[in-house]
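There are 2 protein chains.
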Amino acid sequence: MASPTIKDVAKSANVSIATVSRVLNHSNTVKIPTQKRVLEAMDILGYNRNEVARSLKFRHTKTIGIIAPELSNIFFMEVVEAMERCLAPHGYSLIITSSNDSVEEEKRKLQIFIERNVDGIVVMPAGAEGQHFLTKALSKIPLVMVDRCIEGLKVDFIETDSRYGVHQMIIALKHEGHKRIGYIGGDLSIHTAHERLFGYLAAMKEQGLPVENRFVYHQDAMTQASGRYLIKQVLQEIDCPDAFFIANDSLHLGATIQAIEMLSASQLDQLVFASFDYLSYAPLLKLCHYAVAQPSDMIGEEVANLLLERLSGNWNDYPKHIMLRPEIKVVRANGGVPYPMSN
Amino acid sequence: MASPTIKDVAKSANVSIATVSRVLNHSNTVKIPTQKRVLEAMDILGYNRNEVARSLKFRHTKTIGIIAPELSNIFFMEVVEAMERCLAPHGYSLIITSSNDSVEEEKRKLQIFIERNVDGIVVMPAGAEGQHFLTKALSKIPLVMVDRCIEGLKVDFIETDSRYGVHQMIIALKHEGHKRIGYIGGDLSIHTAHERLFGYLAAMKEQGLPVENRFVYHQDAMTQASGRYLIKQVLQEIDCPDAFFIANDSLHLGATIQAIEMLSASQLDQLVFASFDYLSYAPLLKLCHYAVAQPSDMIGEEVANLLLERLSGNWNDYPKHIMLRPEIKVVRANGGVPYPMSN
DNA sequence: CTGAAAGCGCTAACAT
DNA sequence: ATGTTAGCGCTTTCAG
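From first to last, the protein sequence lines stand for chains Z and H.
Mapping the first sequence onto this note's numbering, position 332 (from 1) lands on 332, and the numbers just tick up by one.
Mapping the second sequence onto this note's numbering, position 191 (from 1) lands on 191, and the numbers just tick up by one.
Rather than coming from a laboratory, the hints here were simulated on the basis of the structure.
Certain hints may be false.
The list treats identical chains as one, so a pair stands whether inside a single copy or across any two.
[Stated by the list, open to error] DSSO-like, lysine-lysine: derived pairs with alpha carbons at most 30 Å apart:
id: 1; residue 1: Lys174; residue 2: Lys107
id: 2; residue 1: Lys136; residue 2: Lys107
id: 3; residue 1: Lys7; residue 2: Lys107
id: 4; residue 1: Lys136; residue 2: Lys11
id: 5; residue 1: Lys31; residue 2: Lys11
id: 6; residue 1: Lys140; residue 2: Lys57
id: 7; residue 1: Lys107; residue 2: Lys62
id: 8; residue 1: Lys320; residue 2: Lys179
id: 9; residue 1: Lys154; residue 2: Lys62
id: 10; residue 1: Lys31; residue 2: Lys329
id: 11; residue 1: Lys174; residue 2: Lys57
id: 12; residue 1: Lys140; residue 2: Lys11
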């Protein structure tokens, strides 16, 4: 009834459990005939090796724990998908869990990972708080953060180069003739929101473009609802900018939908967006001229490789900070003006 | 250096490991002072319970293995997210993996789950082949299939009621005055593609609408690229339908983008879509009048509950087939005609 | 080339 | 109320 163990196989093949273990681990010190007997016994019994027992013995589980603020975030799941492609061939499985955007839940999930003896952890942190990453138990487990980092926390960290992306967007917009470029983003406690705003500010300054406080919007989470709300505020202003840099896909989606609802066709023609993120439905975001495509595959690969490095005991360059350059997409340049792939 | 075990705690608190185990498991047979000593020892040593060891002892791991054709499928990840909400409170963790749309890889991942002693498995199968779900080892592990099932396979299965959804779409389209309604779908070996086509055929017949073979398109996977390709074929026909039911979001996206590229504004006004799936960017699919929103949360909950039921040893109604009714969305009805929420 | 036995960390019967 | 011990399934010296 219960699953057969090496003991059962041993009995059935008339050998000791040690021998069974040997053929299981391809130790070539087993005589061919015995080996065959063992293999046959395994086959007829339907034996499967028990990873739990091995994990206990080896003190590693060949699992990586992953925590994301939400699982239905395409960007992050693309990263995870790439990670799995790299990690699975090395025998790792992924335990994936959501923090539901709550630091409390993040803590709880972290504790579970520790108890489950995961070999490594990757997290996209929920908040700006990170003391819970500093426990004694965690100090023995490779941990890499993705996309968002926590101020002052010394851990491996991999992200998209936000400032580069924003910079390119501002240049492109300026090249189209726009001078007064607004900003729509989110709460600064999130790392990416912070980086994108400051990238915008820096690029505007560098390009000699004026920044008006009343056209820089960045409250709350970067959601579709917030995008709708913020663009509505902006459009109600008199004399508002005709171009905006928008900090992510959800805001962009919200802003586009709201603008289409509010404006006439001719007014719509006067509005142009450039934004972070480039998803499957990008061609439908009709106000969008330029976009920054996150290198999610590359991020996933880098995370996996860094993890593998740490797992193999190499901590030379710890803590490592990797910034990956995003791809710039020209969705529809104005009047066929070629985009200046400068830099 | 290594993580402290109950042995270390026992020594430090001057008790036996059994006592430590007792306080760990809230057995109230331990005197308060001893209990306090143990708790203190745990605290100063930074003890964490080892789930691997417990798993070996208990012969269960409190993990559920999940296999999807791809991880960046929002619908499926929404289902998973809902599952986690239900399962986490019961102590379960989710091991999530991708079959990359390959039956071979699905087999491999299944084997890994068996070796890892997962307590339950949920899979959205990659293909139409399912012999590998019938092994001896698998017969002891609760398995539930989601969204797609395999012909003739006796397992628990939960899906959206495709035929109901399609039926509503056809009625709505007819109510707008359309008579010649085309179909854009995918390869019939996939369960959902099959159901949606036959739902379309049945509904058309029931409504007394003519089905012309040359306006029923269903080759290949249901991808964006295929959507572009198929609508292109259709639009090149002379005298083609002005309304289409489209079988999923990716096809819909592709068809919309392609149509916008190919047609003039006035031609576009003559084209209307109704489709399966209703995602965040639905308002941007400007040809869409009606959509079927998958009840992903409900599916996740049902999967979790069924799993919990099986895990608790209740196999009464096995194999169970649950069909969940999707929500019908009126995206933009023609001429303000109210949608007939008939049935 | 193969077997016996210890031990990974924990639980639970059995003793005391 | 607490301690002793066997055993979960496996790997790995150490003997033979």
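These are the hints, each one checked on the structure:
1. Lys174 - Lys107: neither (44 Å within a copy, 53 Å between copies)
2. Lys136 - Lys107: Within one copy, since 14 Å is at most 30 Å while 39 Å is not.
3. Lys7 - Lys107: Between. Shortest inter-copy distance 26 Å satisfies the 30 Å Cα cut-off; intra-copy 40 Å does not.
4. Lys136 - Lys11: Between. Shortest inter-copy distance 20 Å satisfies the 30 Å Cα cut-off; intra-copy 44 Å does not.
5. Lys31 - Lys11: Close inside one copy (17 Å), not across copies (46 Å); limit 30 Å.
6. Lys140 - Lys57: Both: 18 Å inside a chain and 25 Å across chains, each within 30 Å.
7. Lys107 - Lys62: both (22 Å within a copy, 19 Å between copies)
8. Lys320 - Lys179: Intra 38 Å, inter 63 Å, cutoff 30 Å: neither.
9. Lys154 - Lys62: within (25 Å within a copy, 32 Å between copies)
10. Lys31 - Lys329: neither (62 Å within a copy, 68 Å between copies)
11. Lys174 - Lys57: So Lys174 and Lys57 fail the 30 Å test inside a copy (62 Å) and across (66 Å) alike.
12. Lys140 - Lys11: between (40 Å within a copy, 23 Å between copies)
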